[in-house]
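Note that the protein sequences, when read in sequence, are chains A and B. Just so you know, the numbering used here puts 172 at position 172 of the first sequence, and the rest follows in order with no gaps. One gets the numbering used here by counting positions in the second sequence from 1 and adding 291 to each.
Rather than coming from a laboratory, the hints here were simulated on the basis of the structure. Beta carbons are placed, not taken as given, at the ideal position from N, Cα and C, and that holds for glycine. Please note that a few of the clues may not be correct.
Unchecked claim - As a list, the in silico DSSO-like pairs of lysine-lysine whose alpha-carbon atoms are at most 30 Å apart:
(1) B/K332 / A/K198
(2) B/K332 / A/K254
(3) A/K256 / A/K37
(4) B/K355 / A/K256
Said to hold, decoys possible - Residues from chain A that keep clear of chain B, each with C-beta distances beyond 10 Å, as calculated:
(5) L6
(6) E32
(7) S35
(8) I38
(9) P63
(10) A81
(11) I90
(12) H122
(13) V139
(14) A154
(15) P163
(16) R200
(17) L225
(18) R226
(19) L268
To be verified - What follows is a list of derived Cβ distance ranges for each label pair:
(20) B/A408 / A/M151: 53 to 63 Å
(21) A/I38 / B/Y567: 18 to 28 Å
(22) B/A559 / A/A65: 50 to 60 Å
(23) A/L273 / B/Y567: 45 to 55 Å
(24) A/P236 / B/S401: 36 to 46 Å
(25) A/R286 / B/G432: 36 to 46 Å
(26) B/R451 / A/P236: 33 to 43 Å
(27) A/G70 / B/E464: 33 to 43 Å
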Amino acid sequence: MSVYKLNYRAYTGKVTPMWARILVLVRYGYAEAWSSKITVGIAILSLLPCIVFLFGIYISNNPMARLMLGNQSPRGLTIDAEFFLIVLQIESWFALVMTAWVAPRLITFDLADNALPILLSHPISRFGYVFGKFISLFVILSMTTWIPGLMLFAYQGYSSPLPWALANLRIAVGLWAGAVIWTAFLSILGLALSSWVKWRAVATGIIFAAVFVPAGVGAIVSAVLRTRWGFLLNIPFMMSVLWQRLLGAPEFAKQKISLPTTAIAIMLMLICLICVAMLNARIRAREVVRG
Amino acid sequence: MTPQTTASFREQLAQQPWGLWWLQGRRLTSIEVRRNLFSWKASWIYFLAFIPTFIILIHLVADKHLQYMLSEDTNILAGIVQFYYIRLGVFFGCLGIFSRLIRGEMIERSLHFYLLAPVRREILLLSKFVAGSISALLLFGTAITLDFSLMYAGFGAAGRDYIFNGPGLGQFEAYLAIIVLACLGYGAVFLLLSMMFRNPTPAAMLVLGWEAINPILPSLLQKISVASYLRHLMPVSVAANGIFALLTVQTEPVSAWAAVLGLLLLIAAVLLYSCYRIRTLEIRYTTE
C-alpha cells in the first residue's frame, strides 16, 4: 500500500498515567549512572567505612572481643550520637564525590547532544524531566548516606543487650533527616550546575568547586570582616552544625562561631531556590545558537 | 661522553630551526593568552582570583584600622594565601585554565587543526603551558598585589612603615614567589592530567587529597607534591585548628632555595613527561 493511502487516527489504547512517565526517566537515568565502572567503584568505596563502623559496633557490644583486644572497660568504644555523626559526615563526603560523578552524566549528555528538545517533545513536562533526574540521583545518593547509616543503627539496636534502639530513636530520626536534607541538597545542586555546563569534565570540577570555594570565601569573610556570618557560605560547616543538632551530639563549634539553625535553614533554602531558577532557565525545549 | 660526541651534539643543536620555533611558540602563546583572558568563559577565574580582594576592599572601607590589628591582619593575609589561594583559588583556577588547553580543544574538536599544522608537538605543548602560566600569573599575581596593598592601606603611616621599613616587603616578595611557583606547579600537573584522562577532574581531586595528607606521608613521597614545597616558603606561620592544622605541618625544615629548586625540578620532570606523552597523543573524536 502506498504511503499516501494510509489513514492516521489517534491512539485510543491505555495511556500511561502522568506520574508513571517520570519513572521512565528515573529508570534510564539510573541505568546511565550505573553504566560507568567508576560509579560502581565509588559505591564500593563508600561502603568500606561502613564495614569499619560495623566492626566497631561489634567490638563495643561483645565483651569477649573487647577482652581479646585488651580493652576491659565497657566505655571503651561508646556507640552514641557522636559515633553516628562521624558515620554521617564520612558517608556525606562520599555522596559529594558520587554527585560530582553522576549528576553530569544524567543531564550534561542531554544538553551536549541537543537531545533536550526531543525529550521534551514527548508527553512529559519540564518539571517531570527534572524530577525524574532528581529521583535517580536521590536514590543513588541514598545508597551511600541514610540507608547504610540506618542499617548500622539497626545492627547496634540488635546487638546491644540494653533496649538501646528505643532509647536512642532520636539518633535514627536525626540521621535520616540530616542525610535526606544533604542528599536532596546535593541532588538539586548537582543537576543545576550540570545543566549550565556543556562539558562533563568541567561539570564534575564545578560541583566540587561549588562546595569548596564558597567555604574558603566564607572563611575569608569571617576572618577579614570579623563576623561569624561568613560561615553561612561554608556548606560543609553549616551541614555539620545542622547534623550535630539533629542527632543531639555535643556542640563542636565554639559559641562565637556557632550559627543559628534558622539561618542555616534559610541559607539552604536560598541555595535551593537559586538552583531551581538555574534549572528553570536552562531546561527548555530550545537551543540558543550563537553566531 | 667524548669531545667528538659533545661537538657533534653542539653542532646538531646549532642546526635546529630555533628562530622558527620561537616564532611559532610566540604566535601560539599569544592566541592562547587571548582565549584564556578575554573570553566570557574565563570570567569565573577572575572571580576566583579577585574575590578576596573584594572582601579586603570592604574591610578597608567599612572597618576601623587600629594599631594592634596590624599583626592580626598580617596573619589573616598569610592564612588567605596559604589556605585560600594555594589550596582553592590557584588550584581550581589552574585546573580550569590548564585542563582546557589540551582536553578542552579535544572536546571542542579543534585540536587536530594544531596537530595538522607543521609545528612540533613539543612546541605546541610548551607554548600552551607558557600561555596558561602567563594567564594564571597575571590574574593571581595582580590579585595578591592588590590584596597586600589594600590590607595595609587602611593603617596609613604605620602600614607604610611596616611595608618599607619592616618585614612587609619581604613577605610580599615571598607571597608573589609562592603564587608564581603554585601556578607553574599546578599548571604542569593539570596539563599532564588533561592529556592522560578524558575527565581530569577526579584525578585532580585525588591530587587535592594527596596534597592535604602529604605532611603525614614518608619523606620521599612528600617530594611529589606542590604545596609541600610552598609550605616552606611561607613568611608567616599560621596557627590552624582541627583538621586544617594538617595543612600547615612542617615535618622537616627545608631551606627556601632547596624548596624552590625542588619544585622547579618537579615542574621540569612533569613537563618532560608531558612532552613525551604528546608525541604519541592520538585523538579519536568518536570516543571523546
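Structure-based check of all given hints:
About 12 Å separates the Cα atoms of B/K332 and A/K198, which keeps this hinted pair within 30 Å; it holds. A hinted pair counts as satisfied when its Cα atoms are at most 30 Å apart, and B/K332 with A/K254 does not qualify at roughly 40 Å. The hinted pair formed by A/K256 and A/K37 fails the criterion: a straight-line CA distance of about 45 Å is larger than 30 Å. Under the criterion of a C-alpha separation no larger than 30 Å, the hint pairing B/K355 with A/K256 is consistent with the structure, at around 21 Å.
Every beta carbon of chain B lies more than 10 Å from that of A/L6, the smallest distance being close to 37 Å; the non-interface claim holds. Against the 10 Å criterion, A/E32 stays outside the reach of chain B, whose nearest CB is about 15 Å from its own CB. The beta carbon of A/S35 sits about 15 Å from the closest Cβ of chain B, which is more than 10 Å, so the claim that it is off the interface holds. Some Cβ of chain B comes within 10 Å of the Cβ of A/I38; the nearest lies about 7 Å off, and the non-interface call is violated.
Every CB of chain B is more than 10 Å from the CB of A/P63 (nearest about 34 Å), matching its label as outside the interface. The claim that A/A81 lies off the interface holds: its Cβ sits roughly 19 Å from the closest Cβ of chain B, which is beyond the 10 Å cut-off. The Cβ of A/I90 lies farther than 10 Å from every Cβ of chain B, with a closest approach of about 13 Å, so its non-interface assignment holds. Every CB of chain B lies more than 10 Å from the CB of A/H122, the least distance being 27 Å, so the non-interface label holds.
The beta carbon of A/V139 sits about 22 Å from the closest Cβ of chain B, which is more than 10 Å, so the claim that it is off the interface holds. Interface exclusion of A/A154 from chain B stands, the closest Cβ pair being 30 Å apart, more than 10 Å. A cut-off of 10 Å between C-beta atoms confirms that A/P163 is not in contact with chain B; the least separation is 36 Å. Listed as outside the interface, A/R200 is inconsistent with that label: its C-beta sits roughly 6 Å from the nearest C-beta of chain B, within the 10 Å cut-off.
Non-interface call for A/L225 relative to chain B: violated, since the shortest CB-CB distance, roughly 6 Å, does not exceed 10 Å. With a cut of 10 Å on Cβ distances, A/R226 falls inside the contact zone with chain B, its closest approach being about 8 Å. No Cβ of chain B approaches the Cβ of A/L268 within 10 Å, the least distance being about 22 Å, so the stated non-interface status holds. The supplied range of 53 to 63 Å is met by B/A408 and A/M151, whose beta-carbon atoms lie about 58 Å from each other.
Judged by the Cβ atoms, the range 18 to 28 Å given for A/I38 and B/Y567 holds: they are separated by roughly 27 Å. Taking 50 to 60 Å as the suggested C-beta distance range, the pair B/A559 and A/A65 conforms, at roughly 53 Å. The hint said 45 to 55 Å for the Cβ distance between A/L273 and B/Y567, and at roughly 50 Å that hint holds. For the hinted restraint 36 to 46 Å between A/P236 and B/S401, the CB-CB distance of approximately 38 Å keeps it satisfied.
Separation of A/R286 from B/G432 is about 42 Å and conforms to the stated range, judged on CB atoms against 36 to 46 Å. Remark: the range hint 33 to 43 Å for B/R451 to A/P236 is upheld by a beta-carbon distance near 39 Å. Judged by the Cβ atoms, the range 33 to 43 Å given for A/G70 and B/E464 is violated: they are separated by roughly 55 Å.
Violated hints, listed in ascending order, are 2, 3, 8, 16, 17, 18, 27; each of the other numbered hints is respected by the structure.
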